[in-house]
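Asks: Here are the chains, one letter per residue:
There are 2 protein chains.
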Amino acid sequence: MADFVALERWLEDRLEASLDELRRLVAQPSVVAQSLGVDACADLVAGMLRTRGFRVEVLPTEGSPVVVAERDGRSDRTLVIYNHYDVQPPEPLDLWTSPPFQPALRDGRLYGRGVSDDKGHLVARLHAIDAILAAQGELPCRVKFVVEGEEEIGSVHLPSFLARERDRLEGDACLWEFGYVDAQDRPQLHAGLRGICYVELRVRTAARDAHSGVGGSIFPNAAWRLTWALASLKGPDERIRIPGHYDKVRPPSVRDLELMEQAPDKTGEFRGLYGVKRFLRGLEGGVALRVAEVFEPTCTICGITTGYQGPGSKTVLPAYASAKVDFRLVPDQMPEDVFRGLRAHLDAQGFDDVETVLLGGTGPGRTDPDHPFLAMVARTAESVYGAPMQIVPMIGGSGPTHSFIDILDLPIATAGMGYPDTRAHAPDENIRIDLYLKHAKHVVRLLTAFGES
Amino acid sequence: MADFVALERWLEDRLEASLDELRRLVAQPSVVAQSLGVDACADLVAGMLRTRGFRVEVLPTEGSPVVVAERDGRSDRTLVIYNHYDVQPPEPLDLWTSPPFQPALRDGRLYGRGVSDDKGHLVARLHAIDAILAAQGELPCRVKFVVEGEEEIGSVHLPSFLARERDRLEGDACLWEFGYVDAQDRPQLHAGLRGICYVELRVRTAARDAHSGVGGSIFPNAAWRLTWALASLKGPDERIRIPGHYDKVRPPSVRDLELMEQAPDKTGEFRGLYGVKRFLRGLEGGVALRVAEVFEPTCTICGITTGYQGPGSKTVLPAYASAKVDFRLVPDQMPEDVFRGLRAHLDAQGFDDVETVLLGGTGPGRTDPDHPFLAMVARTAESVYGAPMQIVPMIGGSGPTHSFIDILDLPIATAGMGYPDTRAHAPDENIRIDLYLKHAKHVVRLLTAFGES
Chain U
1 MADFVALERW
11 LEDRLEASLD
21 ELRRLVAQPS
31 VVAQSLGVDA
41 CADLVAGMLR
51 TRGFRVEVLP
61 TEGSPVVVAE
71 RDGRSDRTLV
81 IYNHYDVQPP
91 EPLDLWTSPP
101 FQPALRDGRL
111 YGRGVSDDKG
121 HLVARLHAID
131 AILAAQGELP
141 CRVKFVVEGE
151 EEIGSVHLPS
161 FLARERDRLE
171 GDACLWEFGY
181 VDAQDRPQLH
191 AGLRGICYVE
201 LRVRTAARDA
211 HSGVGGSIFP
221 NAAWRLTWAL
231 ASLKGPDERI
241 RIPGHYDKVR
251 PPSVRDLELM
261 EQAPDKTGEF
271 RGLYGVKRFL
281 RGLEGGVALR
291 VAEVFEPTCT
301 ICGITTGYQG
311 PGSKTVLPAY
321 ASAKVDFRLV
331 PDQMPEDVFR
341 GLRAHLDAQG
351 FDDVETVLLG
361 GTGPGRTDPD
371 HPFLAMVART
381 AESVYGAPMQ
391 IVPMIGGSGP
401 THSFIDILDL
411 PIATAGMGYP
421 DTRAHAPDEN
431 IRIDLYLKHA
441 KHVVRLLTAF
451 GES
Chain Z
1 MADFVALERW
11 LEDRLEASLD
21 ELRRLVAQPS
31 VVAQSLGVDA
41 CADLVAGMLR
51 TRGFRVEVLP
61 TEGSPVVVAE
71 RDGRSDRTLV
81 IYNHYDVQPP
91 EPLDLWTSPP
101 FQPALRDGRL
111 YGRGVSDDKG
121 HLVARLHAID
131 AILAAQGELP
141 CRVKFVVEGE
151 EEIGSVHLPS
161 FLARERDRLE
171 GDACLWEFGY
181 VDAQDRPQLH
191 AGLRGICYVE
201 LRVRTAARDA
211 HSGVGGSIFP
221 NAAWRLTWAL
231 ASLKGPDERI
241 RIPGHYDKVR
251 PPSVRDLELM
261 EQAPDKTGEF
271 RGLYGVKRFL
281 RGLEGGVALR
291 VAEVFEPTCT
301 ICGITTGYQG
311 PGSKTVLPAY
321 ASAKVDFRLV
331 PDQMPEDVFR
341 GLRAHLDAQG
351 FDDVETVLLG
361 GTGPGRTDPD
371 HPFLAMVART
381 AESVYGAPMQ
391 IVPMIGGSGP
401 THSFIDILDL
411 PIATAGMGYP
421 DTRAHAPDEN
431 IRIDLYLKHA
441 KHVVRLLTAF
451 GES
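Heads up: the sequence lines are chains U and Z, in that order. Numbering-wise, this note's numbering puts 386 at position 386 of the first sequence, and it's gapless, one number per residue. Numbering-wise, this note's numbering puts 380 at position 380 of the second sequence, and it's gapless, one number per residue.
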């Protein structure tokens, strides 16, 4: 029987040392989209795992390497822990209060790019493992880490990697890379993630920009071509116009709706944190907004760049334009189908001059919200958070859940230190130190229960 | 009777000194859109005019100052010479072969931002004046310079300035700031310019960017709002959809069409220099393309900026988006009407969240192509270029012709050193030294003839 009081005191006493380790990890940039520091960060993570007595391999893929680590435990039960060491680009830099790769502690929060997504989760889990090893000399169960380096660009090479390494990665369940508490600090367990299909659209209409007084009436304009192509994808009614796009959409089940009914209301968070004045399609809140948030496919313009973007005016006719577009996918939409549908749609609409480049894609993935592993993850949170986790069938974000569920045949559950103001993917990304500690405590409980199950 | 042989030898002998003066002027940045070096450049121009014995004043406006200079001549005939000392932004900097504000001579061409548009024209004209003064001690006619500093942003404050200073600027005719030869070095005289209405569209949908996994289905997206607003302005049929936009468009006259029939064919230039593969609306060349180029209103997206624009992917939902849009106006469209129509259209289409900011505007302006002043400008070119100038009723670009024609009641004629590869507004802007010299020679002839007329 584990002495949780002693284990938790250990976690508290050594918190500073753990945060120092996190600071070192955050200070190592690993912006996969910009090929910045990726290999160095993989090596750093591998070293951190070796220190804990894990057998570690840094396995190459066609993209970023994957760090795989394993350590046996008292029982033969195997928990796979999925994390990623890559981070989002830090831009726009001028909106950061302190530099993104110089972690800074302010008001009980640690700020830095990747501190929440996902380096804090990895290091807090190592902190939990350290506590157990210090007290017991061994882990309650076998633990396998899969720490990839392409999550932020759609885990491009992870599915083929998991298929190739399936035997090595056998297990009984998977702890997902992130997790959230709601605005009242109630922990949420998400049983599924949407998929994603991330595409860049590119148009070149001429060899170089022209004076708009010369070409305005007679030259094709890349900015116009792109604008029209984008407008053909979705109209102000928010309905995606690609033929067949909704064909494979599975609506939420009665059980899903029952759970969504109990899920926390985030309208206050959306209005307060993001300053959103009104939601799309007249949604005002309640279960309808929550269901729309996670059970619907999306088509989001993430960025557009073309022509002159500086102050004042420049009378130029752009020869090149590009946009980044992210489609979130719900069961059973698959990225390759969506990408094929997009191309066919653009061709049919006369936009064969608009090039489509697939930058990343992964299918949606769900575990049955009533799976016993999820019940265990939820239950073991109770003594730490004062209440068991609330089970929410889906979250709006994406990750390679599809591969873990389909290829490795693992149930997945989220748990972590994210909170409404954590600003993942945005300037001033941060974690709350109290939630960091709570997550470590929860992982101690979970590993213990998992070993005994 | 002027000794043109001696005058032309003088121009040739002292060409290097004149180019040195041009280099000094180009080395002084004067990017009005970026408030860079404007006042310093005005002072530099004023000094250059004082050196030639002009009475000079640097007159303030609410924007850039206007340099006004006057010198009497043998006759009471007054030629107003319009130039501007401001230049386009130099971006994109990485496409310049040599730095934009460090003039560089290569293969008989001088490169630098503003070397053609419009500093070369100003200095070549001063070179012509120097030659006459050196030979004759006085000018054949009175010359008044109006050198403004906001041409590249639509001459925002020039109309009210001209109205205020009307008496001081009285004259008989106006030599315009630029002019072109065609691909066969045949000089062109343009008798009119289109107007312009330059607008920035801005949308803010939230206080800050959101994770696209969270907001994709429920948050308004600034990039989408802007895309749809832009798409409402013009469709792939190139027809501008703002109600009433074409109401005041005056079609070209029979005489215009006759002159356009004789105007040079530029399809080779468009295909070769710009790499344009096909023209809009199936136009292939001939008079139809030439008429479309200059006699039609345009709506050009000059730039769009929103969200993530770096390499790879970033799953962000942009809170802010903006676009620069340039409307070229033909007689009798006026910028204030177009701006009002745009606003009303956006409101009617449900885009009251899209802010419109007028960055500059000027009406179109034309002189009768058969005006005797134009005939004189054309005729005096013959001995320099081997042929008289070809009179073309309109050019696609814009400038404050409307104000010079309507407020000062002057006929205008273009003449200058521009040529198809001059790259005004683009990287590697340049002039050919041979055309620089020819323009100076032409101005010597023109001033002489004008004084005698």
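No lab work stands behind these hints: they were computed from the structure. Errors might be hidden in some of the hints.
Copies of the same chain look alike in the list, so a pair counts if it works inside one copy or between any two.
Unchecked claim - Calculated pairs, SDA-like style, for lysine to any residue (alpha carbon to alpha carbon, straight line, at most 25 Å):
id, residue 1, residue 2
1, K277, M376
2, K144, P251
3, K277, Q349
4, K266, Y320
Asks: Going through the numbered hints above, which ones does this structure break? Give me the numbers in ascending order.
Replies: 1 and 2
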